[in-house]
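Undergrad: Chains A and B, in that order, are what the protein sequence lines are.
Be aware that the first sequence starts at 1, since it is given in full-length UniProt numbering, and climbs by one per residue.
Be aware that the second sequence starts at 1, since it is given in full-length UniProt numbering, and climbs by one per residue.
The reader is advised that the hints may include incorrect statements.
Identical copies go unnamed one by one, so any copy, or any two together, can satisfy a pair.
Below, computed lysine-lysine pairings styled on DSS-like, alpha-carbon distance capped at 27 Å [stated by the list, open to error]:
no.: 1; residue 1: Lys219; residue 2: Lys253
no.: 2; residue 1: Lys285; residue 2: Lys362
no.: 3; residue 1: Lys399; residue 2: Lys253
no.: 4; residue 1: Lys399; residue 2: Lys213
no.: 5; residue 1: Lys58; residue 2: Lys219
no.: 6; residue 1: Lys84; residue 2: Lys399
no.: 7; residue 1: Lys343; residue 2: Lys253
no.: 8; residue 1: Lys86; residue 2: Lys354
no.: 9; residue 1: Lys213; residue 2: Lys253
no.: 10; residue 1: Lys219; residue 2: Lys285
no.: 11; residue 1: Lys285; residue 2: Lys58
no.: 12; residue 1: Lys285; residue 2: Lys213
no.: 13; residue 1: Lys219; residue 2: Lys84
no.: 14; residue 1: Lys285; residue 2: Lys343
Rather than coming from a laboratory, the hints here were simulated on the basis of the structure.
Number of protein chains: 2
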Amino acid sequence: MATQQETAEARQHSGVGFVQTQLATLFVPPHWLKLAGGGELGPIQVAYETYGELTPAKDNAIFICHALTGDAHAAGYYEDDDEKAKPGWWDDLIGPGRTLDTDKYFVICANVLGGCQGTTGPGSINPETNQQYRLNFPFITVGDIVEVHSALTRHLGIDQLLAVIGGSLGGMQVLEWAARFPDQLRSAICLASAAQLSAQGIAFNAVGRRAIKTDPEYKDGEYETGAGPRYGLALARMIAHITYLSDQSIEMKFGRRLQDHDTFTYEMLPEVEFQVESYLHYQGKRFVERFDANSYLYLTRAMDYFDLESQYGSLTNALGKTDARFLIASYDSDWLFTTTQSKEILRALIECGKHVSFIELKSPFGHDSFLIEIEQLQNMITPFLEQAYQSRLMESAQKT
Amino acid sequence: MATQQETAEARQHSGVGFVQTQLATLFVPPHWLKLAGGGELGPIQVAYETYGELTPAKDNAIFICHALTGDAHAAGYYEDDDEKAKPGWWDDLIGPGRTLDTDKYFVICANVLGGCQGTTGPGSINPETNQQYRLNFPFITVGDIVEVHSALTRHLGIDQLLAVIGGSLGGMQVLEWAARFPDQLRSAICLASAAQLSAQGIAFNAVGRRAIKTDPEYKDGEYETGAGPRYGLALARMIAHITYLSDQSIEMKFGRRLQDHDTFTYEMLPEVEFQVESYLHYQGKRFVERFDANSYLYLTRAMDYFDLESQYGSLTNALGKTDARFLIASYDSDWLFTTTQSKEILRALIECGKHVSFIELKSPFGHDSFLIEIEQLQNMITPFLEQAYQSRLMESAQKT
């Protein structure tokens, strides 16, 4: 068995090793962030991590936009993690020699506005009242989230990103970024996402929010930190979790296998009879330990509201201003963000003459594929980024 | 405007007109029903309706098996219904000259065992304790439900049914009936169903049950009649309801349209922003008015447990003993009970040399199609029943 020191050393030398979350304070009054839904917010604290080194020309930065319940911890370990701790959520993609190659690129990932993992959100203290914002937190949109990401990028001294990359709600941020700050990105990678959430997606989000709001412990959002609507939030996660998997992947992983018996108990009271039930309960319980119910309400609403077409008049209006190269990928078993939706983005980009690559990837894992099918991402993203990197180098060489 | 009397007359003359729910008391001790999961139950009250007349030869009976939350009221109106009341849930199919032609057939529909619409279930009084059964109600299976249907059929003096027909959980009952009482049916119509619930189906049911059980008003099933886990039961229904619709039908019906405004409110507090949210809340609320939470737990568990293959060793073992002719239909947009699942039934029936017709119907309405796409059902079921009817007549003629 490895000693603790050996484990620590192994961690330090695999991928990006030990990492630290950093904090930036942006939009300090009177430079409030003007919100899309009206009102203004500031100061805004942003939790972010970076991996690799920024070049002196500051031209090698890649920004990762995380999905609904993700965080800034995309790669590596924290020094105080216990041995069993998992590395950051996209660790396999990030590090020396990996797809987001930290020998070449400077990789940034930041917790979204409205989140609960270090960036200002409904659980943060409102400086005006010295109380948590809770439901007094202003309504936020994907546009507002991207405003903060963009400001963080400038705060780090970066005028233009080599790439912005994200899946699901992260992909929505990528599209919004291209629409809102067309000159700030050289390339954009949008995975398992859409220019607007489907009505079915809104329906599932609505039920999740309802589960939270009808839990008596929700108390109209005025629950104490650490307390709150545990059951409601767990339910919301369980519902959402099913939508992240495919029928096929649930079948493969659990089928109709029973949890604790070889045969049916034929009893009503065992809460859990099938493995898939047990798994969902576990997912719900684990989620409650790491996520805030009010944040969940705000972020799912932002996701529901996201509609590039209605916001910019048309998809071509939204995506026509940037010169970024696009890589769009969908997964054949993803029924929450379908290939049809990715193709709408593709069509708009082609219509306005953009450079775009599109692929429908085969995977049994449904919407979660972009977090699981690492090899596909490696094969696809590595050369795409390399191309962006080389074109940037050539451009610099021509200038000098 | 029609007078009340005119409305009443119109109702009386359309379809089957006014109907009454009848009650039968079966399995009177010591003739208890022996349950598949162990234990016994009796007496069992069954609520049922019949439409049309039974022939003296008692050879024209069709039994309708209802789905999860259905009831015995498949057609017609009750005399004390208010003007706005809807007719029975399959009214368009049942009546003189209709597909289930009450000029020719004697149509029976009974509320399932474990239900809450008149048949003995967890909300019924346990004669041993004079209290509601609640969670002391024994575990029931689809097999037990069919035992009661079968007993009701015999109680009505009918040895053999011309047809048994049902969709979803009703289709499961049809399959179980063919396996358990192979000589009791001449034909079987199984719509939007499966020989076992998929793991994804179990997952959605598990979340629904969790919503009920974690509602503090559930009180481990000991809630008062009329009270109970209103929010939890509504949530369970909202989740299930999404699975009954297709992505496409939600898109067609609601899209991303807003409920009360032309533009986003950009506020967290309006509970409802999109029409689809409002619709789901309404569905949940309406369901709570008519359904019992404990019944929902028992019936979804029975659905989860249903597995013809594991119960009978193989599908061919289960379906090989009957001489009934089968009609199997699935819907292309149904993702809860897929065409693949219907084809498994088809394959087994072909393998054991049965007479079977199969069709995948095109419809945008998802799993609910069998309740909505009446014309397709008419075109398909009318000739299938006519064939069964004629073959029965020929058989009788040969005998005499």
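Undergrad: Compare the structure with the hints numbered earlier in the document and write down the numbers of the violated ones, lowest to highest.
TA: 1, 2, 3, 4, 5, 6, 8, 11, 13 and 14
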